[in-house]
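Chain by chain, the residues:
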Amino acid sequence: MPINKIVASFDEAVADIEDGAVIMVGGFGTVVSTPSCLLEAVYRKGAKNLTTVSNSSGFGADIWRMQGAPFPEDMDILVRNERIKKAIVSAPVSALYVNNFEKLLRAGKVDIEMVPQGTLAERVRAAKAGLGGVYIPTGIGTVVEEGKEKKVIDGREYLLELPIKADFALIHAHKGDRWGNLVYRGTSRTFNPTMAGAARVTIAEVDEIVELGELDPECIVTPGVYVDRVVERPKVAPAQEGEITDTQALESTRRFREEVEAVKRTKERGGAQ
Amino acid sequence: MPINKIVASFDEAVADIEDGAVIMVGGFGTVVSTPSCLLEAVYRKGAKNLTTVSNSSGFGADIWRMQGAPFPEDMDILVRNERIKKAIVSAPVSALYVNNFEKLLRAGKVDIEMVPQGTLAERVRAAKAGLGGVYIPTGIGTVVEEGKEKKVIDGREYLLELPIKADFALIHAHKGDRWGNLVYRGTSRTFNPTMAGAARVTIAEVDEIVELGELDPECIVTPGVYVDRVVERPKVAPAQEGEITDTQALESTRRFREEVEAVKRTKERGGAQ
Amino acid sequence: MSDNLRGKERLDRQIIALRVAKEFQDGDVVNLGIGIPMLASNFVPAGREVVFHSENGVLGFGEVTLPGEGDLDIVNAGGQTVRPQPGMCFFGHDESFAIVRGGHLDISVMGAYQVSEKGDLANYMVPEREVGTIGGAMDLAQGARRLIIAMNHTTKEGEPRIVKKCSYLLTAPECVDLIVTDIAVIEVTDRGLVLKEVAPGWTPEEVQSMTEPTLIVDPECHDIELM
Amino acid sequence: MSDNLRGKERLDRQIIALRVAKEFQDGDVVNLGIGIPMLASNFVPAGREVVFHSENGVLGFGEVTLPGEGDLDIVNAGGQTVRPQPGMCFFGHDESFAIVRGGHLDISVMGAYQVSEKGDLANYMVPEREVGTIGGAMDLAQGARRLIIAMNHTTKEGEPRIVKKCSYLLTAPECVDLIVTDIAVIEVTDRGLVLKEVAPGWTPEEVQSMTEPTLIVDPECHDIELM
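Chains as they are written, first to last, in our numbering: chain A, 1 to 273; chain B, 1001 to 1273; chain C, 2001 to 2227; chain D, 3001 to 3227.
Hints in this document: simulated from the structure, not taken from any laboratory.
There's no promise every hint is true.
When the alpha-carbon atoms are kept at most 30 Å apart in a straight line, the in silico DSSO-like pairs for lysine-lysine are as follows [what the hints assert, rightly or not]:
no., chain 1, residue 1, chain 2, residue 2
1, A, K150, B, K1148
2, D, K3022, D, K3164
3, B, K1264, C, K2196
4, A, K103, A, K175
5, A, K151, A, K165
6, B, K1267, C, K2008
7, D, K3196, A, K264
8, A, K150, A, K85
9, A, K267, D, K3156
10, C, K2022, C, K2156
11, A, K86, A, K150
12, B, K1165, A, K148
13, C, K2165, B, K1148
14, B, K1085, B, K1103
15, B, K1151, C, K2022
16, C, K2022, C, K2118
17, B, K1148, B, K1103
18, B, K1045, B, K1086
19, A, K85, A, K165
20, B, K1086, B, K1165
21, D, K3164, A, K264
22, D, K3156, A, K103
23, B, K1151, A, K86
24, A, K267, D, K3022
25, A, K151, B, K1150
Turn these sequences into a full structure, and let the hints steer you where they fit.
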């Protein structure tokens, strides 16, 4: 029988994610790197008391709709619906933007383990690569040290960092085939290939499913062996309803546009006047 | 000034490899994955008392000339000329073939630290990734345990394995550009991308140098940041002189051909008769 | 071993590989060691799709090809050219062993010098030769979900290779799941070694006489199927 | 800070970024943090070739582009679209931080809340807000060969950000090499903080009055060049 990891729908793909599950969620801060449709399906499924492992905690759909992203949901869909018991996360909040995660955190409604981004990547990789732990210098001399074994190796201090094990990894890739081989697009790899294979079950949301053999064997980033399920995004994104009401998003985009324009002017005139 | 990591000759590329240096050598067991011309240049340079880090210890040029490999020298060029003081190696000898390294080893002319292949890869990666060490389960209950710290993590025993640091990494890639970006060909990646960036200086021998921008950014395997020098193989390989005299090589190739033919016959008739 | 068994016909290397390949189920990710195991990529049962891993950094290759045929840059761990297949992909050594160590292989098949009744494996160092090669054997022995050993049942001198306790240096303790030899198929279980199949013409008693630990003969023990 | 300094003209964010970019030498591999640092990719001095790294997995991108221009799949760590360039390549997070932690970056540029006279950095957690974000800051602070801080010299309330000892939680101890602010350029040395440059119209004494630790005024201290 041919191997076939392709699953027909997002709801089917996440049907066994139960309350209390530990889920890794790929991506960085941007929605285009995020498994948006899988997150929506987890929300619809109703799973709660989740422990999530992710780089960031989401900004909500409005800011991404402003950018024209066709699938605008990010981690915020689980945050604002209070599905998360504990977040293992590197960049939970933003200096410029008060997100829903920050509100929950201040309200004491969610536990957090904040992890340096590179340490998060390495701990996820350790789980995938069968390592018992890794010694990492990041965080020495900071609160990240707390409760961790310290060791001096070759004259330098390191912290023992343990693998992060998870039940599911939800990732987003550009193209995939029935073996689970994946390629990504541009800077949207981020945590997606790192998390692929690091959980008991890896589920890949892809922009497009292609025939076996269509992906160049020299350019496959995630070997199919790491992937259990592949599910394709709809070719036509659902229409986004309603006004964009997020004033923070509008404001930060406006500010950034002004800044880039100011940079251009500064450059054109060769510096300050 | 444009960044230009391209070096004009193999001799120039290895000119600063001094006696007593620690050098990583990419590749697996096959010569096509090996930086053959760099190894020849190190031999010509005369560097001795080297510590080498490699998967295997070479079979000599004859076996590869028989296969039609245009650049047939492997680790054996440093072994048979007794340039190696110590080898950190995974597969030093062969069950079917007595190589020169085995002769030196029996004669007590070289030190060896034998390392499981995956542990070798992980220790090299640890050096490149700035880790102090990694806990690895491989080798528990074997001689590999000797002298190593053991730790039970989450109910399983692991060995503390330390990074392997080196002065130079000599690697072989298929194509490279002036920034040092590299792509490989087929199964010849092996230790090459793993070692790229793991030493103080990484030198890449490539089949072809291409213009910046010719390599697909989605398919670059080794980012140029890991590579210090790029040197191109001659487009026309030097003529190989002399008869192939290695009787072991001839015999093992003959035996293997017979075996594959026997497999075909067995398959055609649907099993044993 | 009695003299009358010494000359008795045993399975050849191809048939051992063929028998090993029957273990591969649809979708299995399988690593084949150097020697007999590698031949098994040519004997995948018809209609099954199996993904072969090789430690030099490839998943999804096909049959071993003749020397001189094939691309020298598409080889298995023995350096033998193999047929490319759709779905194949390449990677470096760190990723290759993340796959092995991280438990992403369903089956590893290897040769051996000795296997103990507890499933200890010795396959890298021969004392009489004073040297050996670990290679990927230790990683594969402990990393794969299921370890199958393909080997001759006895040494050239007729000494058992299936022993109570390995006298050779261990590759990994308690790792072997199944042993396929030129005269038998034996499963390593918590109760001990269970004889599941014998080569045509061989009896369980004859296999026992060439095996050091006591074998439990499976009530359904039968002849190895040769096709 | 005296009231007459409060209204004095300081460098704007673009000019701070322009000054930072003058530090980039040919061939440098540079990571730019969110905020002012990111603007520096638009100010690379003419004729120099610099390779920008961003922790989301890219090396070799070009200038920041306007919102709505550019490809959402080619962005810097702030999620801003950047111009693709020949030689650019992409990778995942484990590789991205192997590059950072492994010492493969020449320069990291970041914002900060506070820098101490020893070069301690505090830039992730504001006590009054009770929350913060570590992100890649700890990795970058300890991993890059040279750490440049781009920030305003004082808080909105006029309190110094360059302090004897950080009152905010540390990102990393003793990691900062150079501080570029809206009124000065200060080098962190073993002898202490050395004032190298001042904004046009500012005196070393005025800069000192807005800085907690004592500054060593470089004999060659001069005006920051604005172009």
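Consistency of the hints with the structure:
no., hint, result
1, K150(A) - K1148(B), "holds (18 Å)"
2, K3022(D) - K3164(D), "holds (28 Å)"
3, K1264(B) - K2196(C), "holds (28 Å)"
4, K103(A) - K175(A), "violated (36 Å)"
5, K151(A) - K165(A), "holds (23 Å)"
6, K1267(B) - K2008(C), "holds (24 Å)"
7, K3196(D) - K264(A), "holds (28 Å)"
8, K150(A) - K85(A), "holds (29 Å)"
9, K267(A) - K3156(D), "holds (27 Å)"
10, K2022(C) - K2156(C), "holds (27 Å)"
11, K86(A) - K150(A), "holds (25 Å)"
12, K1165(B) - K148(A), "holds (26 Å)"
13, K2165(C) - K1148(B), "holds (25 Å)"
14, K1085(B) - K1103(B), "holds (14 Å)"
15, K1151(B) - K2022(C), "violated (39 Å)"
16, K2022(C) - K2118(C), "holds (24 Å)"
17, K1148(B) - K1103(B), "holds (29 Å)"
18, K1045(B) - K1086(B), "holds (19 Å)"
19, K85(A) - K165(A), "holds (16 Å)"
20, K1086(B) - K1165(B), "holds (14 Å)"
21, K3164(D) - K264(A), "violated (37 Å)"
22, K3156(D) - K103(A), "holds (24 Å)"
23, K1151(B) - K86(A), "holds (28 Å)"
24, K267(A) - K3022(D), "holds (13 Å)"
25, K151(A) - K1150(B), "holds (14 Å)"
Hints 4, 15, 21 from the list above are not met by this structure, while the remaining hints are.
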